[in-house]
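Chemist: Position chain B relative to chain A; hints supplied.
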Amino acid sequence: TQLLEQSPQFLSIQEGENLTVYCNSSSVFSSLQWYRQEPGEGPVLLVTVVTGGEVKKLKRLTFQFGDARKDSSLHITAAQPGDTGLYLCAGVSGSGYALNFGKGTSLLVTP
Amino acid sequence: NAGVTQTPKFQVLKTGQSMTLQCAQDMNHNSMYWYRQDPGMGLRLIYYSASEGTTDKGEVPNGYNVSRLNKREFSLRLESAAPSQTSVYFCASSEAVQAGVEQFFGPGTRLTVL
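Here the protein sequences line up with chains A and B, keeping their order.
Residue 76 in our numbering sits at position 76 of the first sequence; the count goes up by one each step and never skips.
Residue 1020 in our numbering sits at position 20 of the second sequence; the count goes up by one each step and never skips.
One chain only, chain A, in its complex shape (with noise of 0.2 Å):
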């Protein structure tokens, strides 16, 4: 069962463009993350957001986890081509521990 669902799942643009990726559910999470991972390596903790509403910016990036804790979004401004990578959303529901992940957006920005 696939609990996070991850939108789109593929993004190919250009240098200097605007994106967002779109990570929603039906169930209602205490804390989601998001990861980077790049070709070859392990995933990357980029954010955990944990208060329903809140907005966390990191550089160029703006992470967002909805009013009822059930979706988040990265929007990603002006993007680079190091930005190209698999962008994870991840989180745990209800009282359990194991860490749920989104099957991810692969994202590639060409020079």
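Treat the hints with care, since some could be wrong.
As the list claims (entries may be wrong) - Taking lysine-lysine and the BS3-like style, the derived pairs with C-alpha atoms no more than 30 Å apart in a straight line are:
#	chain 1	residue 1	chain 2	residue 2
1	B	K1057	A	K103
2	A	K70	A	K56
3	B	K1009	A	K57
4	B	K1057	B	K1014
5	A	K103	B	K1009
6	A	K70	B	K1009
FYI, nobody ran anything at the bench for these hints, they're computed from the structure.
Modeler: For chain B alone, coordinates are given in the frame of chain A:
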């Protein structure tokens, strides 16, 4: 600090062969995890160890066994490999099994079962 290390990086097995994937972390973390990553499926949890001496099944434990050898090391064993176990395996660690705690991942082991 090396973080999370995994060996081997690549492995090819024949159906029915066995092997152990090794993982070690030098961050003094209490919790460790094994995931597999398949195209179009994302990361799925195989087993985790909340603390030294404990292990628990994740989403896809069938065909695997684990050993938490000590606080640093967490191994994953395939007793009789099957082609369906062809995947990239990631080990991760964190301070605790708790929502919102960062997990640190190793570089992965790319396993092919023929």
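Chemist: Against this structure, judge whether each hint is valid.
Modeler: Here is what the structure says about each hint:
Only pairs whose Cα atoms come within 30 Å are accepted, and K1057/B paired with K103/A is accepted, the gap being roughly 21 Å. Distance check on the hinted pair: K70/A and K56/A sit about 17 Å apart at the alpha-carbon level, within 30 Å; holds. A hinted pair counts as satisfied when its Cα atoms are at most 30 Å apart, and K1009/B with K57/A does not qualify at roughly 34 Å. Distance check on the hinted pair: K1057/B and K1014/B sit about 25 Å apart at the alpha-carbon level, within 30 Å; holds.
Using a Cα cut-off of 30 Å, the hinted pair K103/A and K1009/B holds, with the two alpha carbons roughly 23 Å apart. Only pairs whose Cα atoms come within 30 Å are accepted, and K70/A paired with K1009/B is rejected, the gap being roughly 36 Å.
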